[in-house]
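Here is how the chains run, residue by residue.
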Amino acid sequence: GDSVTQMEGPVTLSEEAFLTINCTYTATGYPSLFWYVQYPGEGLQLLLKATKADDKGSNKGFEATYRKETTSFHLEKGSVQVSDSAVYFCALSAGSRAAGNKLTFGGGTRVLVKP
Amino acid sequence: DSGVTQTPKHLITATGQRVTLRCSPRSGDLSVYWYQQSLDQGLQFLIHYYNGEERAKGNILERFSAQQFPDLHSELNLSSLELGDSALYFCASSVATGQPYEQYFGPGTRLTVT
Chain H
101 GDSVTQMEGP
111 VTLSEEAFLT
121 INCTYTATGY
131 PSLFWYVQYP
141 GEGLQLLLKA
151 TKADDKGSNK
161 GFEATYRKET
171 TSFHLEKGSV
181 QVSDSAVYFC
191 ALSAGSRAAG
201 NKLTFGGGTR
211 VLVKP
Chain L
1334 DSGVTQTPKH
1344 LITATGQRVT
1354 LRCSPRSGDL
1364 SVYWYQQSLD
1374 QGLQFLIHYY
1384 NGEERAKGNI
1394 LERFSAQQFP
1404 DLHSELNLSS
1414 LELGDSALYF
1424 CASSVATGQP
1434 YEQYFGPGTR
1444 LTVT
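Those protein sequences? They're chains H and L, same order as listed. Heads up, the first sequence is in this note's numbering, so the first residue is 101 and it goes up one at a time. Heads up, the second sequence is in this note's numbering, so the first residue is 1334 and it goes up one at a time.
Just so you know, the hints here were simulated from the structure itself, not pulled from any lab data. In this text, a Cβ means the ideal position worked out from N, Cα and C, and glycines have one as well. Wrong hints could be hidden among the right ones.
Unchecked claim - The calculated lysine-lysine pairs, modelled on DSSO-like cross-linking and capped at a C-alpha distance of 27 Å, are:
| hint | chain 1 | residue 1 | chain 2 | residue 2 |
| --- | --- | --- | --- | --- |
| 1 | L | Lys1390 | L | Lys1342 |
| 2 | H | Lys152 | H | Lys168 |
| 3 | L | Lys1342 | H | Lys152 |
| 4 | H | Lys177 | H | Lys160 |
| 5 | H | Lys177 | H | Lys156 |
| 6 | L | Lys1390 | H | Lys160 |
As the list claims (entries may be wrong) - Some, not all, of what chain H presents toward chain L, calculated at C-beta under 7 Å:
| hint | residue |
| --- | --- |
| 7 | Pro140 |
| 8 | Leu144 |
| 9 | Leu146 |
| 10 | Phe205 |
| 11 | Gly207 |
| 12 | Arg210 |
What the hints assert, rightly or not - Here are the computed distance ranges between Cβ atoms for each label pair:
| hint | chain 1 | residue 1 | chain 2 | residue 2 | range |
| --- | --- | --- | --- | --- | --- |
| 13 | L | Thr1445 | H | Gly207 | 15 to 25 Å |
| 14 | H | Thr128 | L | Val1428 | 22 to 32 Å |
| 15 | H | Lys168 | L | Glu1435 | 13 to 23 Å |
| 16 | H | Gly101 | L | Asn1410 | 21 to 31 Å |
| 17 | H | Ala117 | L | Ser1413 | 25 to 35 Å |
| 18 | H | Ser158 | L | Gln1350 | 43 to 53 Å |
| 19 | H | Ser179 | L | Glu1386 | 13 to 23 Å |
My request is simple: use the sequences and hints to build the entire structure.
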């Protein structure tokens, strides 16, 4: 079945540091890929997405590129802020009628940015 | 604010009891999804409804059931509760199904079984 693997945290960074969170996936067909963010005590918010190979999703300074050859969708941000402290989830959706468009999530990576 | 509402926010109950979690999707969204987030299992898909019909089931226990009503709100019923059912339960909605439409998540219901 489909699966998502992302690096375990916690990741602790200083403000203005570069952030990378690795994500790799296993899926049949051509899934769509997502990054969601969960701030303390809140639900998940969609951060960015990519629906086909070589697409780059971007939002709020975060970027991720859909790499079919390496089955990866790594999240990057050039200069993090304290407000970026959260748990980040990589997810995929097969988008097929049979799969019902469910999201399959990675285990989440907690990021802590210190001032 | 995603536009998806869930009630109640917190629920504390005893083993063996039954509870109902409620979700109202964003205006215009026809699909509702339920997910469970626990420390040991992570985020897992439970079930998907589209316009009142069940479309897909994930790792949902037989003690759990769901439905989507004509006004498109959904309820997740959990019965014969066990300690291991303690988790955050999220509802998400999207416009339709069959394509990778974005899913918008509610704030969740935290269930504690004592």
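Each hint tested on the structure:
{"no.": "1", "hint": "L:Lys1390 x L:Lys1342", "in the structure": "holds, 24 Å"}
{"no.": "2", "hint": "H:Lys152 x H:Lys168", "in the structure": "holds, 8 Å"}
{"no.": "3", "hint": "L:Lys1342 x H:Lys152", "in the structure": "violated, 36 Å"}
{"no.": "4", "hint": "H:Lys177 x H:Lys160", "in the structure": "holds, 9 Å"}
{"no.": "5", "hint": "H:Lys177 x H:Lys156", "in the structure": "holds, 13 Å"}
{"no.": "6", "hint": "L:Lys1390 x H:Lys160", "in the structure": "violated, 34 Å"}
{"no.": "7", "hint": "Pro140", "in the structure": "violated, 12 Å"}
{"no.": "8", "hint": "Leu144", "in the structure": "holds, 4 Å"}
{"no.": "9", "hint": "Leu146", "in the structure": "holds, 6 Å"}
{"no.": "10", "hint": "Phe205", "in the structure": "holds, 4 Å"}
{"no.": "11", "hint": "Gly207", "in the structure": "holds, 5 Å"}
{"no.": "12", "hint": "Arg210", "in the structure": "violated, 12 Å"}
{"no.": "13", "hint": "L:Thr1445 x H:Gly207: 15 to 25 Å", "in the structure": "holds, 22 Å"}
{"no.": "14", "hint": "H:Thr128 x L:Val1428: 22 to 32 Å", "in the structure": "holds, 24 Å"}
{"no.": "15", "hint": "H:Lys168 x L:Glu1435: 13 to 23 Å", "in the structure": "holds, 21 Å"}
{"no.": "16", "hint": "H:Gly101 x L:Asn1410: 21 to 31 Å", "in the structure": "holds, 26 Å"}
{"no.": "17", "hint": "H:Ala117 x L:Ser1413: 25 to 35 Å", "in the structure": "violated, 48 Å"}
{"no.": "18", "hint": "H:Ser158 x L:Gln1350: 43 to 53 Å", "in the structure": "holds, 46 Å"}
{"no.": "19", "hint": "H:Ser179 x L:Glu1386: 13 to 23 Å", "in the structure": "violated, 47 Å"}
Against the hints set out earlier in the document, violations occur for numbers 3, 6, 7, 12, 17 and 19.
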